[in-house]
Structure formats: structure tokens, C-alpha cells
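Trainee: The chain contents come next:
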Amino acid sequence: MGAVEARASPRATRRPAVWIGALAVASLALPALVTTPFGMDVCVRVLLFAFIGVAWNLMGGYAKQLSLGHAAYFGLGAYTSTILLIRFGISPWIGLVAGGIVAMLASLPIGWLCFRLRGPYFAIATIATAQVLMLLFLKFRGFAWGAEGTTIPFLGNAPLMMQFSGKAPYYYIALALLALGLLTTYLIERSWMGYYLVAVGEDEDAAQAIGVNAPRIKRDIYLISAFLTALAGTFYVQYIYFIDPNTAFSFNVSVEAALVSIVGGIGTLWGPVLGTALLEPLSAFLQSWLGSSHAGVQLTVYALILMAVILWRPTGLMGLVSDAIRILRRG
Amino acid sequence: MVKIVNFAQGEFVMIGMYISFFLATRLGIDPLLSLLVSMPVMFLAGVLLQHVLIRRVLGLGDMPQIFLTFALSVLLMNVALLLFTANYRTVQTPYTDASFHIGGVYVSVAKLIAFVLAMALSCALTLLLHRTDIGKAMRAAAQNRDVAMLMGIDTNRVFAVAVGLALALAGAAGSLLMPFYPVYPTVGQVFVLMAFVAVVLGTLGNVTGALVAGLMMGVAESLGIQFIGADSGLIVVFGLLLATLALRPSGLFGGWAR
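Protein chains in written order, with this note's numbering: chain A, 1 to 331; chain B, 332 to 589.
Be careful, since some hints might not be right.
Chain B stretches covered by chain A per the calculated footprint, using a threshold of three residues with CB under 8 Å from any CB of chain A [claimed, not checked]:
# : region
1 : 392-405
2 : 525-532
3 : 565-572
Beta-carbon label-pair distances, calculated as ranges [what the hints assert, rightly or not]:
#  : chain 1 : residue 1 : chain 2 : residue 2 : range
4  : B       : Gly392    : A       : Asn213    : 51 to 59 Å
5  : B       : Leu379    : A       : Leu23     : 55 to 63 Å
6  : A       : Ile327    : B       : Leu364    : 53 to 61 Å
7  : B       : Gly570    : A       : Phe38     : 38 to 46 Å
8  : B       : His382    : A       : Ile20     : 56 to 64 Å
9  : B       : His382    : A       : Ala29     : 45 to 53 Å
10 : B       : Val550    : A       : Arg118    : 27 to 35 Å
11 : A       : Leu278    : B       : His382    : 26 to 34 Å
12 : A       : Ile325    : B       : Val550    : 58 to 66 Å
13 : B       : Gly570    : A       : Ser165    : 39 to 47 Å
One-sided and incomplete, this derived list gives chain A residues near chain B with beta-carbon spacing under 8 Å [to be verified]:
#  : residue
14 : Val97
15 : Ala176
16 : Leu311
No lab work stands behind these hints: they were computed from the structure.
Computed from a predicted model, the values in this text were never measured in an experiment.
Backbone N, C-alpha and C fix where the C-beta goes; we use that ideal spot for every residue, glycine too.
Required output: the full structure, derived from the provided sequences and hints.
Mentor: What follows is the structure in C-alpha cells.
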């Protein structure tokens, strides 16, 4: 719905150019201002999860195909690049793209199966596919280290192997990923594909009846969404230097991808970014304040925020923002 | 019954298990007896849930319902994690390790009792749905809320009873599981995925189908453990789901075309 509104007023599209320029300068300058490693870590996580949210939002927000199994692609991306790196010494920069391609290929059969179900049943089927992948990687230890996982050898400052001594380069990579995700969304939103996606999301049968090839459009957006999510997976394991099935295929990744989008406002370009900008620093703050002894606090708070959003503000933070703008213009 | 897919259903099984666990360890009440506590408590919780949360998102489409019950599921899991930690907890009963064998097949007493009581509860539910006024009202409201309302059915009350019943049964399942299954905060996820596979395999909305599919899954899981390995049970069950979706998406009891 937000997407349609944005398109309806051409004046609103010119002004944000200034805002986006300011935002870009601010985010490029941020590493110079944030001096603590903790602060940088929070910034990297905000950008990364905003990117995953943006990837999820293409499918969950615009086409309203609620995937709760995006960890499948996150994990496939992470494992592909790690296996290429450790077994064959191939740079994660190549692994990044290879992981994305593996995820795209995997999304074809997974989509073929899961798209046979709709609504809540589709969502649960996607959970099942991510679980199956996690179980497979846990079981076949000869192939990918099994349950123990593996650490990624630290090579010092090696930009060609996506390894850096400071946190700032990671920040810029995450920023570039997010920019890629936003640009992809922006272009899709403005193309015929964006309109088709919104049509399928509003009423699949009606869209099909007026000639939208719904199965094809769903397959295509799933391909794009899977590719982007896999990039995040590669980046994440390179960032934390560790991989195991429980990290790579973590249900929390799937949850967070959906969560930040819903809280921020689904089907909007900036929704996932806004949602992550609120949730991720909040959880980092909670964790540093309460320590690791209170393991469930983060998701408890997330769940409460999510429930509040659904009950009182289903359009998310973007809805609040557009309301505020409307009031400001009028007053 | 009210056509709400409740993502938090597994978490209510988890709560039922914790109720039985604490009654057993603190007060020494047998988990099976604690059924008499867990069922009414969960019924009331269900009525409350309907009035406070679900009522607000009825008739708004799939998305708010999915998100709301999903948020509830995440909330309950993590509150349980905060309160009870991630430790696996078990209850020892005289019949936990007891078993007898008929014709070379070992039957666990605890599981047999759970099976018999679960079947009895399923029969009771079927009778309730088909023979009582409130059951008929429930089926009517599930078929078409507006028409049921026009026929003079208080749909809010009917939905409250339906959600209450769903939670009471989840609580009962928890109590029945406790003698032979450990409880931990995310235990519900296992059950909700299993239940989902049973429902899809046995055709959506077909109660008997789900029952038959559930039995088939149990057999498939045991065969998987026997022939492939101890940790392959879930893989076999999910494999069954994927095969169903690939070959017969409308389930075992659905027609060929949808």
C-alpha cells in the first residue's frame, strides 16, 4: 500500500533525493564518529539485518509471501563461501557471488514445493525447509564439519580475502550490501514487476485473472530475495569468523528478517531499515545492560513490540512517519 | 475450528508440560493426574487469549493473524527461557521406563497410556463437535461467521470456547507427554512442525485425515530411526512432507485437482 502511495505523488519523490544524499553522507562519515568497537559492531549489525530485512521485504512485503525460512538462504550462502574458502582457498569475494547463485538454484525447488501452499501454510512450509537444511548440515559431518562447525582461519589484514583488522571496512561492505538491496527494491518498485508483485500480494486469484503470471512472478522474486539473503550469510560468517549449522540456519535469522520489516512497515522501501534501526540498537543495549545471563530478553522485547505494532499500528513505523509528514504539511 | 492458524499452539503444549512438571516435582502429583489441572487452566487461558488478542484481528485477513500468533509464540518461548532456563527437564514416574512386549514388539507403558488417552480425547472432541449445540455452533461459525451470526449464534462466545478447547487439548497433550518427553522452552516447535506435516499430509481441514497421517508419520519416523540412524527421524518426516507437496499437494484424502 505504501508503495502505491509513494508512486502517486511525484513531488514526494524529488524531495527525498536531498534526504538520501544527506543520509548517504552521514552513513559514510559514521565510522569516523563512532570510536568504540562495540558501537561499530552495533552499526554493522544494523546495516546487515536491515539488508536481510530488505531482501525479505521484496517477497514478504510486496508479494505478501510470508517466508519464515529465509535462514535457508542465509545458511547456504554462508556455507558455500566457507567451503570454497577452507577447502579450495577461494576468496570469499568470489564465494559471495557463488553463495548467491547456490541460493538462487536452491530457491527453485523449494519455491516449487512451498508455493503449492498459501498463507500460513506457506509460512510453515518455509520453516520446514530451513529446518531440513539445518538437519542435513548437522548430519553430514564429512561434508561440512557437522555440529561442531569450524572457525575461519584469520589471515591478518587481507582485503582480497575479505578480512580486515579494523571494523570500519566491514561497516562499508555492509553499507554497500544495504545500498544494493535498496537499489534493487527501488528499481523493482518502479518497474512493471513491482506493480505485479503488489497485485499478487493483494489478491493472487484476481491478479491471475487479469493476466498476471502469478507463479512466475513469485518464482522470480523468490530468486532475487534468496540471492540477496545469501550475500548476507557470506558476509556474516566472514565477520564473526565462525560457522556451524545452528548459526547459519538459525531460526532467529528468519524471524528477524520478518520482524524488522513488519515493525518498520512491510511493502515499503525504507521500512526494514527503519525497523532495524529501532530494534537492533535496542537489543544491543539490552544485552550489554543485562548481560548474557538473560538469554530470552531480546526476543521477548521484540515479540512485545511486534504485537503492539500489529494491534495498534499495522502499517509499522513507516505509517507513523507518513502520518507525521501529513500533519506537518497541513499545519 | 475458527480457521485461525495458531503459530503458538506448540508453545501451549510446552506450557502444559511445564504445569505438569512443576506439579510433579513440587507437589508430587502424577503427570497424568495433572491433566485435571492443565486442561481447565489452559481452557481459561484460551478464552482470555480470544478476548484480549485474537478477537482484534479476526476478519482482517491472513497477515495480522499469522504475525500476532507468531509473536505470541516467540514471546512464550522466550519468557519460558527467562523463567525456566534452557535446561531439559524430565519427570520420573513408575511407568516411565516400564514396557511389555507382544510378539517381539516392545510397547512403552507411558506411551501406550498417552496414546489411549489422546484417542479418547479425540473421540470426545468429535462427539462434542457433532452432537452438542455448542459444537454445531462452532462448526457453523467456522463455515461462515456472518451467516452464523445472522442465525443468532453469539460468535464471540463460540470462538472463545473454540480457542479455549484448542488450548485445553494442547495442555492435555503436554501432560500426556511429560512422563516420557523432556520439557524445554523451544519444545513446542517440534510439535507444531509435526502437527503441520500431519495436517497437510492428511488434507487441510480433515480431522480423520490428520489422525491417520499422524499414525503414518510415527511409523515412518520409527522406520527412519531403525534403518537410517538415530537422528534421522525428523528428516524422514520432513521428507514425507516434501514428497506430499511434490506428488499430492492436496494431501492423502484430497481430490487430485484443487
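Trainee: Now tell me, hint by hint, if it's right for this structure.
Mentor: These are the hints, each one checked on the structure:
Only residues whose C-beta sits within less than 8 Å of a C-beta in chain A count toward coverage, and the region 392-405 of chain B has 11 of them, enough to reach three; the restraint holds. Counting residues of the region 525-532 of chain B whose CB falls under 8 Å from any CB of chain A gives 3; the rule of at least 3 is met. Note: the region 565-572 of chain B has 5 residues with beta-carbon separation from chain A under 8 Å; the three-residue rule is met and the coverage holds. For Gly392 (chain B) paired with Asn213 (chain A), a C-beta distance near 23 Å fails the hint of 51 to 59 Å.
About 44 Å separates the C-beta atoms of Leu379 (chain B) and Leu23 (chain A), a value inconsistent with the hinted range of 55 to 63 Å. In this structure the supplied range 53 to 61 Å holds for Ile327 (chain A) paired with Leu364 (chain B), their Cβ-Cβ distance being about 60 Å. Take Gly570 (chain B) and Phe38 (chain A): their Cβ atoms lie about 44 Å apart, and the range 38 to 46 Å holds. For the pair His382 (chain B) and Ile20 (chain A), the supplied restraint of 56 to 64 Å is violated, since their beta-carbon distance comes to about 45 Å.
Remark: the range hint 45 to 53 Å for His382 (chain B) to Ala29 (chain A) is upheld by a beta-carbon distance near 51 Å. In this structure the hint that Val550 (chain B) and Arg118 (chain A) lie 27 to 35 Å apart at CB holds, the actual value being about 29 Å. A C-beta distance of roughly 30 Å is found between Leu278 (chain A) and His382 (chain B), which places it inside the suggested range of 26 to 34 Å. One distance hint, 58 to 66 Å for the beta-carbon pair Ile325 (chain A) and Val550 (chain B), holds here, with the actual separation near 60 Å.
Checked against the given bound of 39 to 47 Å, the beta carbons of Gly570 (chain B) and Ser165 (chain A), roughly 45 Å apart, stay inside it. Hint on Val97 (chain A) is violated. Least Cβ distance to chain B is approximately 28 Å, over the 8 Å limit. The beta carbon of Ala176 (chain A) comes no nearer than 31 Å to any beta carbon in chain B, farther than 8 Å, and the hint placing it at the interface is violated. With its C-beta approaching chain B no nearer than about 6 Å, Leu311 (chain A) sits inside the 8 Å limit, and its interface hint holds.
In terms of the numbered hints stated before, the structure departs from hints 4, 5, 8, 14 and 15, listed from lowest to highest.
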